[in-house]
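Number of protein chains: 2
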Amino acid sequence: MRMSRYFLPVLKETPREAQIVSHRLMLQAGLIKQASAGIYSWLPMGYKVLRRIEQIVHEEQARAGHLAMLMPTMQSADLWRESGRYDAYGDEMLRVKDRGGRDMLFTPTAEELVTDVFRANVNSYKDLPLTLYQIQWKFRDEVRPRFGVMRGREFLMKDGYNFDLTKEDALHAYNRHLVTYLRTYERMGLQAIPMRADSGPIGGDDTHEFLVLAETGESEVFYDSQITDLTFGDREIDFDDRAACQAVMDEFTSRYARTDETHDAALFAEVPEERRRTARGIEVGQIFYFGTKYSEALGATVQTRDGDSVPVHMGSHGIGVSRLLGAIIEASHDDKGIIWPEGVTPFHVGILNMRVGDAGCDSVCDDLYAQFQTAGLDPLYDDRDERAGAKFGTMDMIGLPWRITVGPRGVKNGVVELTCRRTGEAEEMSVSDAVARIKAIYGGI
Amino acid sequence: MRMSRYFLPVLKETPREAQIVSHRLMLQAGLIKQASAGIYSWLPMGYKVLRRIEQIVHEEQARAGHLAMLMPTMQSADLWRESGRYDAYGDEMLRVKDRGGRDMLFTPTAEELVTDVFRANVNSYKDLPLTLYQIQWKFRDEVRPRFGVMRGREFLMKDGYNFDLTKEDALHAYNRHLVTYLRTYERMGLQAIPMRADSGPIGGDDTHEFLVLAETGESEVFYDSQITDLTFGDREIDFDDRAACQAVMDEFTSRYARTDETHDAALFAEVPEERRRTARGIEVGQIFYFGTKYSEALGATVQTRDGDSVPVHMGSHGIGVSRLLGAIIEASHDDKGIIWPEGVTPFHVGILNMRVGDAGCDSVCDDLYAQFQTAGLDPLYDDRDERAGAKFGTMDMIGLPWRITVGPRGVKNGVVELTCRRTGEAEEMSVSDAVARIKAIYGGI
Numbered sequence: 001m002r003m004s005r006y007f008l009p010v011l012k013e014t015p016r017e018a019q020i021v022s023h024r025l026m027l028q029a030g031l032i033k034q035a036s037a038g039i040y041s042w043l044p045m046g047y048k049v050l051r052r053i054e055q056i057v058h059e060e061q062a063r064a065g066h067l068a069m070l071m072p073t074m075q076s077a078d079l080w081r082e083s084g085r086y087d088a089y090g091d092e093m094l095r096v097k098d099r100g101g102r103d104m105l106f107t108p109t110a111e112e113l114v115t116d117v118f119r120a121n122v123n124s125y126k127d128l129p130l131t132l133y134q135i136q137w138k139f140r141d142e143v144r145p146r147f148g149v150m151r152g153r154e155f156l157m158k159d160g161y162n163f164d165l166t167k168e169d170a171l172h173a174y175n176r177h178l179v180t181y182l183r184t185y186e187r188m189g190l191q192a193i194p195m196r197a198d199s200g201p202i203g204g205d206d207t208h209e210f211l212v213l214a215e216t217g218e219s220e221v222f223y224d225s226q227i228t229d230l231t232f233g234d235r236e237i238d239f240d241d242r243a244a245c246q247a248v249m250d251e252f253t254s255r256y257a258r259t260d261e262t263h264d265a266a267l268f269a270e271v272p273e274e275r276r277r278t279a280r281g282i283e284v285g286q287i288f289y290f291g292t293k294y295s296e297a298l299g300a301t302v303q304t305r306d307g308d309s310v311p312v313h314m315g316s317h318g319i320g321v322s323r324l325l326g327a328i329i330e331a332s333h334d335d336k337g338i339i340w341p342e343g344v345t346p347f348h349v350g351i352l353n354m355r356v357g358d359a360g361c362d363s364v365c366d367d368l369y370a371q372f373q374t375a376g377l378d379p380l381y382d383d384r385d386e387r388a389g390a391k392f393g394t395m396d397m398i399g400l401p402w403r404i405t406v407g408p409r410g411v412k413n414g415v416v417e418l419t420c421r422r423t424g425e426a427e428e429m430s431v432s433d434a435v436a437r438i439k440a441i442y443g444g445i
Numbered sequence: 001m002r003m004s005r006y007f008l009p010v011l012k013e014t015p016r017e018a019q020i021v022s023h024r025l026m027l028q029a030g031l032i033k034q035a036s037a038g039i040y041s042w043l044p045m046g047y048k049v050l051r052r053i054e055q056i057v058h059e060e061q062a063r064a065g066h067l068a069m070l071m072p073t074m075q076s077a078d079l080w081r082e083s084g085r086y087d088a089y090g091d092e093m094l095r096v097k098d099r100g101g102r103d104m105l106f107t108p109t110a111e112e113l114v115t116d117v118f119r120a121n122v123n124s125y126k127d128l129p130l131t132l133y134q135i136q137w138k139f140r141d142e143v144r145p146r147f148g149v150m151r152g153r154e155f156l157m158k159d160g161y162n163f164d165l166t167k168e169d170a171l172h173a174y175n176r177h178l179v180t181y182l183r184t185y186e187r188m189g190l191q192a193i194p195m196r197a198d199s200g201p202i203g204g205d206d207t208h209e210f211l212v213l214a215e216t217g218e219s220e221v222f223y224d225s226q227i228t229d230l231t232f233g234d235r236e237i238d239f240d241d242r243a244a245c246q247a248v249m250d251e252f253t254s255r256y257a258r259t260d261e262t263h264d265a266a267l268f269a270e271v272p273e274e275r276r277r278t279a280r281g282i283e284v285g286q287i288f289y290f291g292t293k294y295s296e297a298l299g300a301t302v303q304t305r306d307g308d309s310v311p312v313h314m315g316s317h318g319i320g321v322s323r324l325l326g327a328i329i330e331a332s333h334d335d336k337g338i339i340w341p342e343g344v345t346p347f348h349v350g351i352l353n354m355r356v357g358d359a360g361c362d363s364v365c366d367d368l369y370a371q372f373q374t375a376g377l378d379p380l381y382d383d384r385d386e387r388a389g390a391k392f393g394t395m396d397m398i399g400l401p402w403r404i405t406v407g408p409r410g411v412k413n414g415v416v417e418l419t420c421r422r423t424g425e426a427e428e429m430s431v432s433d434a435v436a437r438i439k440a441i442y443g444g445i
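Protein sequence lines, in the order shown, are assigned to chains B and U. At position 378 of the first sequence (counting the first as 1) the number is 378 in the working numbering, and the numbers step up by one without a gap. At position 103 of the second sequence (counting the first as 1) the number is 103 in the working numbering, and the numbers step up by one without a gap.
Here chain B stands alone, though its shape is the one from the complex (with noise of 0.2 Å):
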């Protein structure tokens, strides 16, 4: 993309009512834009990082097996009365009349609706195991939202729901689930713990809360420093070896790890006092187990194999998608602004035009625009006839991870600079040597 014919609203001011840098910085970015209360507009650039986050969502969960689909925002109330929670949800319910009169509310969670999409077609224990998601937005009407992304009314979450004959079958699913989110994470760049959570609203027995660590967090959060030193990694998993993945699970939560919600000083003491830590954390992801709580509430049965109607074991998970932007920021940022992981980066690597017009200048920036688009990579080229301060200025906000800077000087001695966005180190190389230099830090991800 040619910025000349972007869109990209960086604000000169800082915009005051950002009380955290996240939010601030992707105002500043023109990422977004507040719509109303708690609801934001995505500017291309945030949609485009909205956009790279549902991809590796998708991959994924597509990994494990798991099957997306679509459930629509606008909901009866009807299923939720069959469950009890229309009554049960209070206030962060949106609550509507369609002209009909009838009862109507903007889907908070979608445990009701896909249940009955379940008990609508499978009757059998032969079509489980099972498990449905999808990415939709959402509506929980905060009577306080703020932190932009992190709070917001409308956003974007992953949902999923498993169904499973037995609970030892749920199990393995909810262990599937941990191992897809750690990976997921991962390649945002970000490192979210599992913590032993509170069931909440959903109900359940079993669940974690992933955490990133950030001081803005909203929870307060308790661990062993162990953990931090976890990575999943590219390690091959068979979805299928439960073995295999009980085994990330026992390894990524048999250290003390909890939220305020669910800390136990007696236990927390036991673990060694130089390995014991507090901080705060954002909330970017959760894992249940809850067993036959819908499935017995709306009769989602299956026969089983000796001809028995059970209930299914069911469990959700879900990932919020709009809300790892502000996490993301939150993580990984300095003074001058964003810095984008190479996973979720909007664009891979900015290309800046030191002078504009200058022939030798703009023929080595066409080549390596043009070069980066054949590669398959999504180039950002700063080619508007403005200063360098602003140029480098607007560079540093939007946090691109790489940047290519062409000079005349350079030029003239057949070289561009590369510069890190994150150490900032610049380095001199031919053309060639940038254009490989990128491909191959971008053909590992």
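Fair warning: there could be bad hints in the mix.
Which copy? The list can't say, so a pair holds if one copy fits it or any two copies do.
Unchecked claim - In the DMTMM-like style, the derived pairs of lysine to aspartate or glutamate whose C-alpha atoms are separated by at most 20 Å in a straight line are:
(1) Lys33 with Glu13
(2) Lys126 with Asp385
(3) Lys12 with Glu386
(4) Lys12 with Glu428
(5) Lys167 with Glu82
(6) Lys293 with Glu428
(7) Lys126 with Glu386
(8) Lys97 with Asp87
(9) Lys126 with Asp383
(10) Lys293 with Asp87
The set of hints was computed from the structure by calculation and includes no laboratory data.
Dock chain U against chain B, hints included.
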């Protein structure tokens, strides 16, 4: 995808609620399930088609330099009061009060909000031209939702908005959209004819609807038969070249083609009698130029080169993304089921194992499956232990354009059978020839 692990609830009975064939087939083939009146869940295979359609729309918009963004579904009533449409819109607008008692609505279209994004960020002619678009869920509270996704209440729409300095620039944007739409529909296997239309509640001077001819269309249409001979094909268009875009516009709109709303019997009579046609059509898109209607109402102005402040010229341009599934099926089916065009098919090829458990058949099917996946294609492998009749029935119903049948006799002779869903023609060939044929078919798309 292996069918044994897929969620594909093909219905045996004909759903009684379906009045038109696309609605019936979408329910029978397990693409959608009704959630409430005029509101559907998209089951995994339906969701895959929806995503393929979205992808084509994105690619064609990107080609013209239009920028993807995303606006929220829930909007404040304030902006709609500013434009005067809050009261004017009538009962089709889903109106909501949030917990704070503020008037909100589920967006039926987004002229107001996108104009607000524009006016907050763009002040100069230098930032024009600009076209922003989104693919987002909309809601229109139809009094009688019917025909499945063809006239639903919650529906997915691509809506794009151009901002230009002058009327001439905006008409170029209008032409650009016509060109992108022609290619978009053709890539989906549809012939969509631009017809002069009525502007309706959006308002505006110039507007064309795109109609797909189908017996079940809601509009009566009148046209010169020469228009159905036109195809856009794979011409390369420079979208900055005004004359080139205008030439396409002229080519595709100079012959008589109107809906009943704008039909002019006297003009139609000038078409030579043997070329006069009347038929029914399904509207799948519409482009508008409406000048300064919204920019004046909402104060969206820019400074010209001379320092004057002028309201921008705008247009809006829509594609009914979810409705397109219905339109495609109306235009492409037979009495056995759907026939997907290659451009939007949920899976590129079906693999039918006629004797699951037979080592030879299993091995050939596994090999085919692996080869297609390696080639970046998406096969659906019917590995279920079912009767041949049931397997053929399912494949015909779900309508994958190509099917490879693997039976024990053929395996012995080193051949499989490749069948075209549209023509029914079947041909025996080696596994490697079958793979090569499928790769060649999709290589050109």
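message = I want to check one pair: lysine 126 and glutamate 386. Are their C-alpha atoms no more than 20 Å apart within a copy, between two copies, both, or neither?
response = Between copies, since 13 Å is at most 20 Å while 65 Å is not.
ask   = 20 Å Cα cut-off: does lysine 293 pair with aspartate 87 within a copy, between copies, both or neither?
value = Classified as within; 17 Å inside a copy, 44 Å across copies.
Status of glutamate 386 relative to lysine 12 across identical chains (alpha carbons, at most 20 Å) = within (15 Å within a copy, 65 Å between copies)
request  = Can you give me the call for lysine 126 and aspartate 383, within, between, both or neither, at a CA distance of at most 20 Å?
outcome  = Only across copies: lysine 126 and aspartate 383 sit 14 Å apart there, 59 Å inside one copy, limit 20 Å.
key: Up to 20 Å CA-CA - aspartate 385 versus lysine 126, copy category   = The answer is between: 12 Å across copies meets 20 Å, while 65 Å in one copy does not.
ask   = Can you tell me if lysine 33 and glutamate 13 fall within 20 Å by alpha carbon in one copy, between copies, both or neither?
value = within (14 Å within a copy, 49 Å between copies)
Homo-oligomer pair classification [aspartate 87, lysine 97; C-alpha up to 20 Å] = Intra 15 Å, inter 18 Å, cutoff 20 Å: intra and inter.
task = Could you place lysine 293 and glutamate 428 in one of the four classes (within, between, both, neither) given a Cα distance threshold of 20 Å?
result = neither (62 Å within a copy, 52 Å between copies)
query = From the Cα coordinates, with 20 Å as the cut-off, is the pair lysine 12 and glutamate 428 best called within, between, both, or neither?
reply = neither (30 Å within a copy, 67 Å between copies)
task = Check lysine 167 against glutamate 82 for me: Cα-Cα at most 20 Å, and say if that holds within a copy, between copies, both or neither.
result = Cα proximity of lysine 167 and glutamate 82: none, with 23 Å in one copy and 56 Å across.
Comparing the model with each earlier hint shows violations of hints 4, 5 and 6; every other hint is respected.
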